[in-house]
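Chains as they are written, first to last, in this note's numbering: chain V, 1 to 330; chain R, 331 to 660; chain Y, 661 to 990.
In short, the hints are calculated from the structure, not lab data. Hints may be right or wrong, so weigh each one.
To be verified - 16 Å max Cα-Cα, derived EDC-like pairs, lysine to aspartate or glutamate:
hint, chain 1, residue 1, chain 2, residue 2
1, Y, 662, V, 226
2, R, 397, Y, 853
3, V, 67, R, 523
4, V, 232, R, 523
5, Y, 855, R, 580
6, Y, 769, V, 126
7, R, 562, Y, 859
8, Y, 909, Y, 870
9, Y, 855, R, 598
Said to hold, decoys possible - Per label pair, the in silico range of CB-to-CB distance:
hint, chain 1, residue 1, chain 2, residue 2, range
10, R, 331, Y, 759, 38 to 44 Å
11, Y, 712, R, 331, 47 to 53 Å
12, V, 67, Y, 973, 51 to 57 Å
13, R, 648, V, 73, 43 to 49 Å
14, V, 117, R, 434, 39 to 45 Å
Here the structure is a predicted model, which is why all the values come from computation and not from measurement. Ideal placement from N, C-alpha and C gives every residue a C-beta, glycine not left out.
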Amino acid sequence: MKHFFKNNVSLQDVLTTINIHEESTDHAPVLGVSTLQDLDEGLIACLHNHQYVDQIPAHGKGIIMTKPEWDHYVPSGYQKILVDTPYRLFASILSHFFKKDRHCSISPKASISPTATIGKDVFIGDFCVIGDGVVIGDGSYIGHHTVVESHVIIGQRCHIESHVSIQSAQIGSSVTIKNGARIGQGGFGFHMDDKGPIDVPQLGRVIIEDHVMIGANTTIDRGSLENTIIGKGTRIDNLVQIAHNVVLKDRCIIVAQVGIAGSTELGEGVVAAGQVGITGHLKIGKGCQIAAQSGVMKNLPDFSVVGGSPSLPAQKWLKINAMLKKMVSA
Amino acid sequence: MKHFFKNNVSLQDVLTTINIHEESTDHAPVLGVSTLQDLDEGLIACLHNHQYVDQIPAHGKGIIMTKPEWDHYVPSGYQKILVDTPYRLFASILSHFFKKDRHCSISPKASISPTATIGKDVFIGDFCVIGDGVVIGDGSYIGHHTVVESHVIIGQRCHIESHVSIQSAQIGSSVTIKNGARIGQGGFGFHMDDKGPIDVPQLGRVIIEDHVMIGANTTIDRGSLENTIIGKGTRIDNLVQIAHNVVLKDRCIIVAQVGIAGSTELGEGVVAAGQVGITGHLKIGKGCQIAAQSGVMKNLPDFSVVGGSPSLPAQKWLKINAMLKKMVSA
Amino acid sequence: MKHFFKNNVSLQDVLTTINIHEESTDHAPVLGVSTLQDLDEGLIACLHNHQYVDQIPAHGKGIIMTKPEWDHYVPSGYQKILVDTPYRLFASILSHFFKKDRHCSISPKASISPTATIGKDVFIGDFCVIGDGVVIGDGSYIGHHTVVESHVIIGQRCHIESHVSIQSAQIGSSVTIKNGARIGQGGFGFHMDDKGPIDVPQLGRVIIEDHVMIGANTTIDRGSLENTIIGKGTRIDNLVQIAHNVVLKDRCIIVAQVGIAGSTELGEGVVAAGQVGITGHLKIGKGCQIAAQSGVMKNLPDFSVVGGSPSLPAQKWLKINAMLKKMVSA
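Produce the complete structure using the sequences and hints provided.
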């Protein structure tokens, strides 16, 4: 597909965006961006993985951003922008030229407590509910139908989409929360004995640090006595379950439909692939990588790479899979 | 259970509904439908699987729809409607006689942009938000609290329930979307390197073709540069995750809690049972059948039948399971 | 963490709450509760698992609730409350002293049918939609943005949070439903044959008995011809899928992201751990325990303990896992 810029943009404008200040030799307009296969005159595409070289058409029309060491993969005819981090800079170009117009307005149809403190340049959508004592920082966007219960604090430049519920939470700056996420409800806290179940009131909060992203329909429960904490820069995909008292340190990547049970702690930079389950009360060391659908039932030392359910070191898991296949093929 | 018709209905009325135009020999009223075990005078039940023969009471009162070749399973006394596709026709009877009254009204409590185009006989519920340039086709139903963001196009006779979020999407005709589904938010698109995460803006859309059904709290992300596409007649259950750029061809069946990662393509008529996970960037051939909880990590040729995580041909997977059981029983 | 009471509370007040009527020897105020590690002067913490003994600080300041037989674990200096069920009674103390103030008010911004019957001391939040013929019992709380479709019946003292959708349902008393749960939409009911898919209208309801708790973004479909039933005291966590016609008997525990397919029945007190999948049309006996991520594909007799996918008796499953690990380590 091709995506065209709305305004007139020159190659020099594009280069300035990514902090390349050499004078451009070409003043022809840049019309937009495209995938490699749809590349054409005036468009920029990004070759960020050399496996995709086959997708580049032979016609040689357009501009390709890639790494200096992949220069030779690019067929003749194309203009090139050679940079060390092509995907990062391509993302910057998209962010700059396709920035969404944001109206800074507060819907008269929202229900906003007179004791809430709303910053400058804030958008609050139709039918939002903003409770007593809520604080919303400058430049934040609160989508239609979002409910922010009393005393929640939201930082600056947050982007909170529609139909989100937030209670018992403190949210940093530049946080994105997508449609229908549920933040801060009481967790699965009850005590079951011969006398039947009794609910254990949940008193902790959810602390979401700066630059976190939370996917659509994901659920993050408030802590019981402690807090549930989502560290700086962590990315959480759709339909993920984060139970009470879980701590995710900075820059974790939690893919869709993962479930993390109560009081488990993930170190910095842990990657949990899709549909992983992690038992409660565990410590997962920093930099661990957990293959899709794994079930982690034990503590993991730093930088472990595991797979399977129950999970094993990845090499052992691959070996078992290979062995079993062989045994039934014999 | 028994479900009674609200109006007076004769057997002839019932037969007309399913295009049987022979004159009915019995003019007694038909009172409603029931399960086989609750069948009684004046009720119709459907025997669509001969395993359920035991559920038929011995009393012989009522009407049974079934296949001609199962005629001999039906105890004496029952009136019979013998047709080749009993379940399909039983469904038609339910559709016809239990049709929901639909008020074609537009709530004065909805927030509707003056630039939206609303067709004839449309229902828009309380507190809906309909954005700029939205088009809603004739006869469509938009449940309470649903948010349709600007420039979304919705076809005719769609049934969209409550609390749904729709953005960056084009929706065909006769599409059903259930409560709380999230359509068209940005996907899990970011680039993580030594400098930390950077978001990659998502520019594609979600294209939903005619006769698709999407379950409650399911999430379908917009494409990044390409579109996410859900083909004609495809059925998606609750709590399913469809990532950016996924393509589902026509008549796929995606059961609850399945997750399909980015850019994967499913051919026509693929069946993914509950909690299946499919890795990104794969091609799953048409007619493939994927057993519950399988983890598909490789391309599959047409009509593959697989199970296990990582998935294997189903026969191999069953053989491994049997072998392992035997090994620990010895 | 420490959580302080809002009012002045004495030790005697605390003991009265848990029905200990001996005269307290200490009239010093109790300031609040804490975790074991944050225990301090005037605070109460609960030692409900002797594995947590290490968390008790050495300083001896504060009050510890525990079992009489764990008395010797408590370092000297601490005041003690010795009771047979410390966690249950600690929960009672939290419930009593941290009770949420509930305003019994009906928002003028809600859309309430004139034919709905609303009990005494009911809270209805902003932008709720309450349909024709709905009944809401005394003391129930309906959070902002919740939609209760026509003819739904809700008992007394229910706590229904924000953004919930309820239709075709009958709900008992003291039921909790958390943010974004979807109750009573039509299930995954269609018939697919050579002629393509045809929807099967769903006519059953969802019956939720007393003291049930349902988690955030969980989906419970209405029955097709029968009802979907959730028995008394059952606890369901977040993001769980309960398909049409499922019956959960009393006091089941269904952990996050479990999926239960159509018409399956769970006996009393079944525990399904996180991400379990259970196939349709099964009978799971009472008291069964199903390990996390298991896939249950056969009926289970009462008190079965199973693990694995497909599931096996837990001992066999553990034996297989141990054997495989050994085979690749050799």
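Hint check results:
At most 16 Å may separate the alpha-carbon atoms for a hinted pair to count; residue 662 (chain Y) and residue 226 (chain V) meet this at roughly 8 Å. At most 16 Å may separate the alpha-carbon atoms for a hinted pair to count; residue 397 (chain R) and residue 853 (chain Y) meet this at roughly 15 Å. As the CA atoms of residue 67 (chain V) and residue 523 (chain R) are separated by approximately 15 Å, the hinted pair is consistent with the 16 Å bound. Of the supplied pair hints, the one linking residue 232 (chain V) and residue 523 (chain R) holds, its CA atoms being roughly 15 Å apart against a limit of 16 Å.
Using a Cα cut-off of 16 Å, the hinted pair residue 855 (chain Y) and residue 580 (chain R) holds, with the two alpha carbons roughly 13 Å apart. For the given pair, residue 769 (chain Y) sits about 13 Å from residue 126 (chain V) by alpha-carbon distance, which is consistent with the 16 Å threshold. Distance hint between residue 562 (chain R) and residue 859 (chain Y) is fulfilled; the C-alpha atoms sit about 14 Å from each other, no more than 16 Å. As the CA atoms of residue 909 (chain Y) and residue 870 (chain Y) are separated by approximately 12 Å, the hinted pair is consistent with the 16 Å bound.
Restraint check for residue 855 (chain Y) and residue 598 (chain R): the C-alpha separation of about 14 Å stays at or below 16 Å, so the hint holds. Range check, residue 331 (chain R) to residue 759 (chain Y): Cβ separation about 40 Å, and the 38 to 44 Å hint holds. Taking the beta carbon of each, residue 712 (chain Y) and residue 331 (chain R) are about 50 Å apart, inside 47 to 53 Å as hinted. A hinted range of 51 to 57 Å holds for the C-beta pair residue 67 (chain V) and residue 973 (chain Y), which are about 54 Å apart.
Taking 43 to 49 Å as the suggested C-beta distance range, the pair residue 648 (chain R) and residue 73 (chain V) conforms, at roughly 44 Å. Between residue 117 (chain V) and residue 434 (chain R), the C-beta spacing of about 43 Å keeps the proposed range 39 to 45 Å intact.
Comparing the model with each numbered hint stated earlier shows that all of them hold.
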